[in-house]
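Keeping the supplied structure of chain A fixed, place chain B upon it in accordance with the hints.
Number of protein chains: 2
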Amino acid sequence: MKNRDYLLNEYAKLVILKGVNVQKDQIVFIQSSINSAPFARLLTKEAYLAGAGEVIVNFTDEIISREHLIHKSEEKLANVPDYIIRMNEYACENKACFISITSPILGINSDVDSKRLQISSRALNERLKMRRDYLMSNHGQWTVVGYPNPVWAKKVFSGFSEEEAFDRLLESILVACRVDENSFSNWDKHNQKLSRYNKLLTDFNFESLHFKNNLGTDITVGLADDHIWAGGEDVSTFGVRFNPNLPTEENFTMPHKFKVSGKVVATMPLDFQGKLIEDFYLVFEDGKVVDFDAKKEKETLKNILFYDEGASRIGEIALIPDDSPISNSKTLFYNTLFDENASCHMALGAAYPTNTKDGSSLSKEELEKRGCNISGIHVDFMFGSPDMEIIGKKKDQTEVKIFHKGNYCI
Amino acid sequence: MKNRDYLLNEYAKLVILKGVNVQKDQIVFIQSSINSAPFARLLTKEAYLAGAGEVIVNFTDEIISREHLIHKSEEKLANVPDYIIRMNEYACENKACFISITSPILGINSDVDSKRLQISSRALNERLKMRRDYLMSNHGQWTVVGYPNPVWAKKVFSGFSEEEAFDRLLESILVACRVDENSFSNWDKHNQKLSRYNKLLTDFNFESLHFKNNLGTDITVGLADDHIWAGGEDVSTFGVRFNPNLPTEENFTMPHKFKVSGKVVATMPLDFQGKLIEDFYLVFEDGKVVDFDAKKEKETLKNILFYDEGASRIGEIALIPDDSPISNSKTLFYNTLFDENASCHMALGAAYPTNTKDGSSLSKEELEKRGCNISGIHVDFMFGSPDMEIIGKKKDQTEVKIFHKGNYCI
Numbered sequence: 001m002k003n004r005d006y007l008l009n010e011y012a013k014l015v016i017l018k019g020v021n022v023q024k025d026q027i028v029f030i031q032s033s034i035n036s037a038p039f040a041r042l043l044t045k046e047a048y049l050a051g052a053g054e055v056i057v058n059f060t061d062e063i064i065s066r067e068h069l070i071h072k073s074e075e076k077l078a079n080v081p082d083y084i085i086r087m088n089e090y091a092c093e094n095k096a097c098f099i100s101i102t103s104p105i106l107g108i109n110s111d112v113d114s115k116r117l118q119i120s121s122r123a124l125n126e127r128l129k130m131r132r133d134y135l136m137s138n139h140g141q142w143t144v145v146g147y148p149n150p151v152w153a154k155k156v157f158s159g160f161s162e163e164e165a166f167d168r169l170l171e172s173i174l175v176a177c178r179v180d181e182n183s184f185s186n187w188d189k190h191n192q193k194l195s196r197y198n199k200l201l202t203d204f205n206f207e208s209l210h211f212k213n214n215l216g217t218d219i220t221v222g223l224a225d226d227h228i229w230a231g232g233e234d235v236s237t238f239g240v241r242f243n244p245n246l247p248t249e250e251n252f253t254m255p256h257k258f259k260v261s262g263k264v265v266a267t268m269p270l271d272f273q274g275k276l277i278e279d280f281y282l283v284f285e286d287g288k289v290v291d292f293d294a295k296k297e298k299e300t301l302k303n304i305l306f307y308d309e310g311a312s313r314i315g316e317i318a319l320i321p322d323d324s325p326i327s328n329s330k331t332l333f334y335n336t337l338f339d340e341n342a343s344c345h346m347a348l349g350a351a352y353p354t355n356t357k358d359g360s361s362l363s364k365e366e367l368e369k370r371g372c373n374i375s376g377i378h379v380d381f382m383f384g385s386p387d388m389e390i391i392g393k394k395k396d397q398t399e400v401k402i403f404h405k406g407n408y409c410i
Numbered sequence: 001m002k003n004r005d006y007l008l009n010e011y012a013k014l015v016i017l018k019g020v021n022v023q024k025d026q027i028v029f030i031q032s033s034i035n036s037a038p039f040a041r042l043l044t045k046e047a048y049l050a051g052a053g054e055v056i057v058n059f060t061d062e063i064i065s066r067e068h069l070i071h072k073s074e075e076k077l078a079n080v081p082d083y084i085i086r087m088n089e090y091a092c093e094n095k096a097c098f099i100s101i102t103s104p105i106l107g108i109n110s111d112v113d114s115k116r117l118q119i120s121s122r123a124l125n126e127r128l129k130m131r132r133d134y135l136m137s138n139h140g141q142w143t144v145v146g147y148p149n150p151v152w153a154k155k156v157f158s159g160f161s162e163e164e165a166f167d168r169l170l171e172s173i174l175v176a177c178r179v180d181e182n183s184f185s186n187w188d189k190h191n192q193k194l195s196r197y198n199k200l201l202t203d204f205n206f207e208s209l210h211f212k213n214n215l216g217t218d219i220t221v222g223l224a225d226d227h228i229w230a231g232g233e234d235v236s237t238f239g240v241r242f243n244p245n246l247p248t249e250e251n252f253t254m255p256h257k258f259k260v261s262g263k264v265v266a267t268m269p270l271d272f273q274g275k276l277i278e279d280f281y282l283v284f285e286d287g288k289v290v291d292f293d294a295k296k297e298k299e300t301l302k303n304i305l306f307y308d309e310g311a312s313r314i315g316e317i318a319l320i321p322d323d324s325p326i327s328n329s330k331t332l333f334y335n336t337l338f339d340e341n342a343s344c345h346m347a348l349g350a351a352y353p354t355n356t357k358d359g360s361s362l363s364k365e366e367l368e369k370r371g372c373n374i375s376g377i378h379v380d381f382m383f384g385s386p387d388m389e390i391i392g393k394k395k396d397q398t399e400v401k402i403f404h405k406g407n408y409c410i
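Chains as they are written, first to last, in our numbering: chain A, 1 to 410; chain B, 1 to 410.
Because the hints were derived from the structure by calculation, they are not lab data. Each hint should be verified, as a subset may be incorrect.
One copy or two, either will do: identical chains are not told apart, so a pair holds if it fits within one copy or between any two.
In silico DSSO-like links for lysine-lysine, alpha-carbon gap of 27 Å or less [stated by the list, open to error]:
(1) Lys-295 <-> Lys-95
(2) Lys-364 <-> Lys-395
(3) Lys-395 <-> Lys-330
(4) Lys-212 <-> Lys-401
(5) Lys-76 <-> Lys-24
(6) Lys-24 <-> Lys-72
(7) Lys-76 <-> Lys-405
(8) Lys-13 <-> Lys-72
(9) Lys-72 <-> Lys-95
Since this is a predicted model, take the numbers as computed values, not measurements.
So here's chain A without its partners, still in its complex pose (with noise of 0.2 Å):
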């Protein structure tokens, strides 16, 4: 790769800048693996260097995670100490940004009992509860990133070297992101794409969205009251502009809880927690998962289904059109955060309060008033399509045809 230093500098700055963009003597918070390490580097830098008081670089490693689940007792793996807890009610409370740099070991937890898997991401669900509910009402800035390992990277160009492999998914990465010598003005122009879509689904006002495709998905999804379409940047509650993702394509509201009927075939692997579920549908009823099937892992599924109440409901409805330059590209992330931004995708879990007008100061029984779901899980999964088509209906049961073969056409 040419000028791969400018570059990774360059993804640096946007992450800091467009990413959270800092505010002067705010925290920084980024959560890192070990691996994502040169990475934290840069970003540390970069953070001071935009006037950030304080950066907290939080290291873990996948590996000896993966010993945690192994060797310690249930007792222990639900037991969240209270030094973690108040790490991050440091952060909350001084209104810190987060980073969060996604660098997936696939497969890691493979051979992990998974009834070990639910009672220690419980455990860290429940105590942390605090901060997932700072970062979905956009309490402070956050930003999820990504940056390869080899693992990954072996997973996503099986066929070349280690290092070469490597390579490959940074300049992957890089392209998704829209990082070269002109990355902010990219971004501004991209953001407003985004914007004109947010306003224009949400000025329509739709009661329901119908999916359709030749893999078998044929679902309605209706839609909470007062929903707002959100995508690329947005605002947090004091005020400062930010981009939770680095890629981001989507446009994407917030479900009625009980309003969802049909069925919706997965068209990409979930990689959950290290285990990597394939080839899975489910179908709803009134809003709810009735009936589900998995190739690979339907017991992880399961468990992501019956976390609690909200688990089999969803709470986000995200579009991405087919022609977009993830899905463009071919490439097939094994990764969330790239992956959701090249296909239509919907989340089983909580839905963002601000998807609904007012959402982030309404009450829980407020929200739920409205068709917001809440949970303690929010994982995304895809379906999108090149012949997916989409129809919204308005309160007054009239069609407009919002995608057409994959790609927007309203």
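For chain B alone, kept in the frame of chain A given last:
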């Protein structure tokens, strides 16, 4: 290196079983730089196999720490967030054992303002006093071990490629730590030998030791009342045997804080907080440094001496024969863990309470009455040489020759 993986695993086992001697269900706290992650992973696995209930790996990165030192405000540098204190309290309250992996990036802070370094390290020192007291009083088992990184390796083996230098440093560490197919019996024998000297020296109950060589060292070190010689295997206050350093070649005891007089000339450079102090000497009167100089980093040496009241007095005096494996390897490691085991050394700052009879259960005032030095720091430096002569003076003023030409002759 032959059998590299086998030997590394043996090394990890040795650290877990002989170093900290992990007890059933105990918490193991591992402090590791991200450069040492491969070894931290091995230690984690071996700790669980040995019955650990929980392994906490606290990863830090000197490159990121340097960014903090350069960019944070002085106020932020002086602030240790409470979650860091809670993390250490959690470990101490639950009677954890501690493993610290040393892997310095030499000279990394050479251009960092000394004042800022001081603010940061003083804050950490003061806020983590509870942890230092826990370790120095052996309330839990602890050990310090080494693992190479490319920068360190190139400093030690400058004539080699990065990869080769790394391998050579790793091999030197393994040899210094007596790691081979008989690692455990090697350590049993070695500990027995160190233990014999501990007993012999303690039984002499010397009033003082006089060190003299042709490099300018000519110093009398009075010993504390009821002092005990230690070295090699130690015992925690809960009765668990452990080895505080791997490697270790030293017999050491508690000097009397008011009874040190003369000049000591360092024979090796000293890496302190990423700054390398070279060619230095100290002159003592009544236990206190009254004159000093260094050809490089004199200011850093000054910062050590002026850290607090106890920092200009000594808290440890250690004897290492010139004929020891590390010394014989003629390798300068630029790292105290290794270099201090190739050379007689002393430490500025705090003494180990365990180096006087029943010291762990004495109050600060009782310890000081025996001559025990109290300080927020403990910095070893090396002054041994092949021509070192050491004479012990007993309470009855008779003299006993302890070292002749750098080796035990007692």
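Mind listing which of the numbered hints don't hold for this structure, in increasing order? Hints 1, 3, 7 not satisfied by this model.
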